[in-house]
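*Asks:* Knowing the structure of chain A, use the given hints to seat chain B on it.
Order-wise, the sequence lines are chains A and B. Letter by letter, the first sequence follows residues 1 to 267 of our numbering. Letter by letter, the second sequence follows residues 268 to 534 of our numbering.
Errors might be hidden in some of the hints.
As the list claims (entries may be wrong) - No more than 35 Å apart at the CA atoms, straight line, and that leaves these computed lysine-lysine pairs for DSBU-like:
| # | chain 1 | residue 1 | chain 2 | residue 2 |
| --- | --- | --- | --- | --- |
| 1 | A | Lys-3 | A | Lys-110 |
| 2 | B | Lys-298 | A | Lys-110 |
| 3 | A | Lys-243 | A | Lys-110 |
| 4 | A | Lys-19 | B | Lys-377 |
| 5 | B | Lys-270 | B | Lys-292 |
| 6 | B | Lys-377 | B | Lys-286 |
| 7 | A | Lys-42 | A | Lys-19 |
| 8 | B | Lys-510 | A | Lys-46 |
| 9 | B | Lys-515 | B | Lys-298 |
| 10 | B | Lys-309 | B | Lys-298 |
| 11 | B | Lys-298 | B | Lys-510 |
| 12 | B | Lys-286 | A | Lys-110 |
| 13 | B | Lys-377 | A | Lys-42 |
| 14 | B | Lys-292 | B | Lys-309 |
| 15 | A | Lys-46 | B | Lys-298 |
| 16 | A | Lys-46 | B | Lys-515 |
| 17 | B | Lys-292 | A | Lys-110 |
| 18 | A | Lys-31 | A | Lys-42 |
| 19 | B | Lys-515 | A | Lys-42 |
| 20 | B | Lys-377 | A | Lys-110 |
| 21 | A | Lys-229 | A | Lys-25 |
| 22 | A | Lys-42 | B | Lys-496 |
| 23 | A | Lys-42 | A | Lys-25 |
| 24 | A | Lys-110 | B | Lys-309 |
| 25 | A | Lys-42 | A | Lys-243 |
| 26 | A | Lys-25 | B | Lys-377 |
| 27 | A | Lys-31 | A | Lys-248 |
| 28 | B | Lys-270 | B | Lys-377 |
| 29 | A | Lys-248 | A | Lys-25 |
| 30 | B | Lys-496 | B | Lys-309 |
| 31 | A | Lys-25 | A | Lys-3 |
| 32 | B | Lys-515 | B | Lys-286 |
| 33 | B | Lys-377 | A | Lys-31 |
| 34 | A | Lys-46 | B | Lys-377 |
| 35 | A | Lys-19 | B | Lys-313 |
| 36 | A | Lys-229 | A | Lys-42 |
| 37 | A | Lys-217 | A | Lys-110 |
If you are wondering where the hints come from, they were derived from the structure by calculation, not from laboratory data.
One letter stands for each residue in the lines below.
Number of protein chains: 2
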Amino acid sequence: MEKLYVIKIGGNIIDDDQKLVAFLKDFAAVKGLKVLVHGGGKLVTKMASQLGIEQQMIDGRRITDAETLKIVTMVYAGLINKNIVAQLQGNGCNALGLCGADGNTIQSHKRGSNSPLGVGGIDYGFVGDVDTVNTSLLQSLLAQQIAIVLAPITHDLNGLLLNTNADTIAQETAKALSTIYNVELIYSFEKAGVLLDINDDTSVISSLTPIYYQELKEQHRIFAGMIPKLDNAFAAINNGVSKVIIGKAEQLQELISGNSGTAIINV
Amino acid sequence: MEKLYVIKIGGNIIDDDQKLVAFLKDFAAVKGLKVLVHGGGKLVTKMASQLGIEQQMIDGRRITDAETLKIVTMVYAGLINKNIVAQLQGNGCNALGLCGADGNTIQSHKRGSNSPLGVGGIDYGFVGDVDTVNTSLLQSLLAQQIAIVLAPITHDLNGLLLNTNADTIAQETAKALSTIYNVELIYSFEKAGVLLDINDDTSVISSLTPIYYQELKEQHRIFAGMIPKLDNAFAAINNGVSKVIIGKAEQLQELISGNSGTAIINV
Numbered sequence: 001m002e003k004l005y006v007i008k009i010g011g012n013i014i015d016d017d018q019k020l021v022a023f024l025k026d027f028a029a030v031k032g033l034k035v036l037v038h039g040g041g042k043l044v045t046k047m048a049s050q051l052g053i054e055q056q057m058i059d060g061r062r063i064t065d066a067e068t069l070k071i072v073t074m075v076y077a078g079l080i081n082k083n084i085v086a087q088l089q090g091n092g093c094n095a096l097g098l099c100g101a102d103g104n105t106i107q108s109h110k111r112g113s114n115s116p117l118g119v120g121g122i123d124y125g126f127v128g129d130v131d132t133v134n135t136s137l138l139q140s141l142l143a144q145q146i147a148i149v150l151a152p153i154t155h156d157l158n159g160l161l162l163n164t165n166a167d168t169i170a171q172e173t174a175k176a177l178s179t180i181y182n183v184e185l186i187y188s189f190e191k192a193g194v195l196l197d198i199n200d201d202t203s204v205i206s207s208l209t210p211i212y213y214q215e216l217k218e219q220h221r222i223f224a225g226m227i228p229k230l231d232n233a234f235a236a237i238n239n240g241v242s243k244v245i246i247g248k249a250e251q252l253q254e255l256i257s258g259n260s261g262t263a264i265i266n267v
Numbered sequence: 268m269e270k271l272y273v274i275k276i277g278g279n280i281i282d283d284d285q286k287l288v289a290f291l292k293d294f295a296a297v298k299g300l301k302v303l304v305h306g307g308g309k310l311v312t313k314m315a316s317q318l319g320i321e322q323q324m325i326d327g328r329r330i331t332d333a334e335t336l337k338i339v340t341m342v343y344a345g346l347i348n349k350n351i352v353a354q355l356q357g358n359g360c361n362a363l364g365l366c367g368a369d370g371n372t373i374q375s376h377k378r379g380s381n382s383p384l385g386v387g388g389i390d391y392g393f394v395g396d397v398d399t400v401n402t403s404l405l406q407s408l409l410a411q412q413i414a415i416v417l418a419p420i421t422h423d424l425n426g427l428l429l430n431t432n433a434d435t436i437a438q439e440t441a442k443a444l445s446t447i448y449n450v451e452l453i454y455s456f457e458k459a460g461v462l463l464d465i466n467d468d469t470s471v472i473s474s475l476t477p478i479y480y481q482e483l484k485e486q487h488r489i490f491a492g493m494i495p496k497l498d499n500a501f502a503a504i505n506n507g508v509s510k511v512i513i514g515k516a517e518q519l520q521e522l523i524s525g526n527s528g529t530a531i532i533n534v
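This is chain A alone, in the form it adopts within the complex (with noise of 0.2 Å):
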């Protein structure tokens, strides 16, 4: 099978203009097939905060109500989304950029309050949680070596855009890309990887296996920050992902290459 890399990019990345120009750069170089996923960063709510619509979070996760489902619309699949692709073009790299709505690439549904993601009995609002990824769509374009670069918004196939998770955009789009390619799944943020010491960028866990990650939960030395994302990673190398890395976007090429990072394990 081909490989196929799927790359994250944390919000941190987005927020620096610098640090997105090299970083976009970067992912221009990677050779062979590529698709790019992007959250937002502190865009939607510096927005929020302009156009005096309140954000409400509830651990941590932010509430999206109707006006600020167009905020992130406009945010995450126009502003975001449009300028990496433009970059990605001034860098040599034909890309394309899509929301799950585009194509009916992502599907989804809008997490319900008794659902077991809204915790609690939390109306997270238009939030969707993930049903199908369509793959031909994007066979297509990637055998056009076409770059794609999703945002993290999905639709119900009703007419309704949905709010999704990136990190789970990222797990589900190389799962589902996993029957027809060779995946790699890259998890690019601000950490040099899965650290033992949160302040210590030289403490990196160089593999984590489903049993050692169980013991560090148990001992609470994850960072709560960090479940989802490697909950989301284990989830993807246990379904068809050849190989998942989480580490540093400036060091993206060492990811790649396996000189940096943490790999999960799924033995």
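*Replies:* Relative to the frame of chain A, chain B by itself:
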């Protein structure tokens, strides 16, 4: 050659939720291959005002400064484009939204202040004049029975997004695709067609030749705001597009069947 419809919708439909819902239902029902080109309506002006970004207009044309470019990118390529796509999906029409940067679909260059289009040496800012429409990607999507939804944002292939007139995008796209398809171009807007009396919707000119157009212009009987649209329409009909119709968005089916609107004739 297979028939293809390129349909432009005007801003007044975008501004009116109910009209947009009805239009998209009609568009979804159009049989065969189709491209929808949308403008922006009043949303950009509203957003700019909410964000406190002053809009400079010269002769009714917006000057696109750096902050305004961000807003048009968000609103056109994000909010409007993705809502149209999601609604079409909800109507059973598999649609996919693109801006010109996506897959390098529409390449343009920044209009110089000394360009003939920069009347009187006006610098319109981040405005792009179209150089090329790349048909191979569009063709591959159309072959997958995907309706394409084009936002009026292009790029210069050097990393710069540019604001581009939606009527021009419709014209350039129709022209480029007429080498592959039998293209009919429909400009739908708030009027029933080209009117002899701007206040009388029954005064529709059923067909307009270049000579008649010249006459009407000399007699100042063409509303100034219609002239760029008509220039676009004649450019299309003179360059391979088989049929150009101008008329009311609410009568899309009648425009297609030839029972409404103004036909632009190249003899």
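*Asks:* Determine for every hint whether it applies to the structure shown.
*Replies:* To see whether the hints hold, each was checked on the structure:
{"no.": "1", "hint": "A:Lys-3 x A:Lys-110", "result": "holds (33 Å)"}
{"no.": "2", "hint": "B:Lys-298 x A:Lys-110", "result": "holds (31 Å)"}
{"no.": "3", "hint": "A:Lys-243 x A:Lys-110", "result": "holds (30 Å)"}
{"no.": "4", "hint": "A:Lys-19 x B:Lys-377", "result": "holds (26 Å)"}
{"no.": "5", "hint": "B:Lys-270 x B:Lys-292", "result": "holds (20 Å)"}
{"no.": "6", "hint": "B:Lys-377 x B:Lys-286", "result": "holds (34 Å)"}
{"no.": "7", "hint": "A:Lys-42 x A:Lys-19", "result": "holds (15 Å)"}
{"no.": "8", "hint": "B:Lys-510 x A:Lys-46", "result": "violated (47 Å)"}
{"no.": "9", "hint": "B:Lys-515 x B:Lys-298", "result": "holds (19 Å)"}
{"no.": "10", "hint": "B:Lys-309 x B:Lys-298", "result": "holds (30 Å)"}
{"no.": "11", "hint": "B:Lys-298 x B:Lys-510", "result": "holds (17 Å)"}
{"no.": "12", "hint": "B:Lys-286 x A:Lys-110", "result": "holds (26 Å)"}
{"no.": "13", "hint": "B:Lys-377 x A:Lys-42", "result": "holds (30 Å)"}
{"no.": "14", "hint": "B:Lys-292 x B:Lys-309", "result": "holds (22 Å)"}
{"no.": "15", "hint": "A:Lys-46 x B:Lys-298", "result": "violated (43 Å)"}
{"no.": "16", "hint": "A:Lys-46 x B:Lys-515", "result": "violated (39 Å)"}
{"no.": "17", "hint": "B:Lys-292 x A:Lys-110", "result": "holds (23 Å)"}
{"no.": "18", "hint": "A:Lys-31 x A:Lys-42", "result": "holds (30 Å)"}
{"no.": "19", "hint": "B:Lys-515 x A:Lys-42", "result": "violated (42 Å)"}
{"no.": "20", "hint": "B:Lys-377 x A:Lys-110", "result": "violated (41 Å)"}
{"no.": "21", "hint": "A:Lys-229 x A:Lys-25", "result": "holds (25 Å)"}
{"no.": "22", "hint": "A:Lys-42 x B:Lys-496", "result": "violated (40 Å)"}
{"no.": "23", "hint": "A:Lys-42 x A:Lys-25", "result": "holds (22 Å)"}
{"no.": "24", "hint": "A:Lys-110 x B:Lys-309", "result": "holds (30 Å)"}
{"no.": "25", "hint": "A:Lys-42 x A:Lys-243", "result": "holds (29 Å)"}
{"no.": "26", "hint": "A:Lys-25 x B:Lys-377", "result": "holds (23 Å)"}
{"no.": "27", "hint": "A:Lys-31 x A:Lys-248", "result": "holds (19 Å)"}
{"no.": "28", "hint": "B:Lys-270 x B:Lys-377", "result": "holds (33 Å)"}
{"no.": "29", "hint": "A:Lys-248 x A:Lys-25", "result": "holds (15 Å)"}
{"no.": "30", "hint": "B:Lys-496 x B:Lys-309", "result": "holds (18 Å)"}
{"no.": "31", "hint": "A:Lys-25 x A:Lys-3", "result": "holds (20 Å)"}
{"no.": "32", "hint": "B:Lys-515 x B:Lys-286", "result": "holds (11 Å)"}
{"no.": "33", "hint": "B:Lys-377 x A:Lys-31", "result": "holds (31 Å)"}
{"no.": "34", "hint": "A:Lys-46 x B:Lys-377", "result": "holds (29 Å)"}
{"no.": "35", "hint": "A:Lys-19 x B:Lys-313", "result": "holds (32 Å)"}
{"no.": "36", "hint": "A:Lys-229 x A:Lys-42", "result": "holds (18 Å)"}
{"no.": "37", "hint": "A:Lys-217 x A:Lys-110", "result": "holds (30 Å)"}
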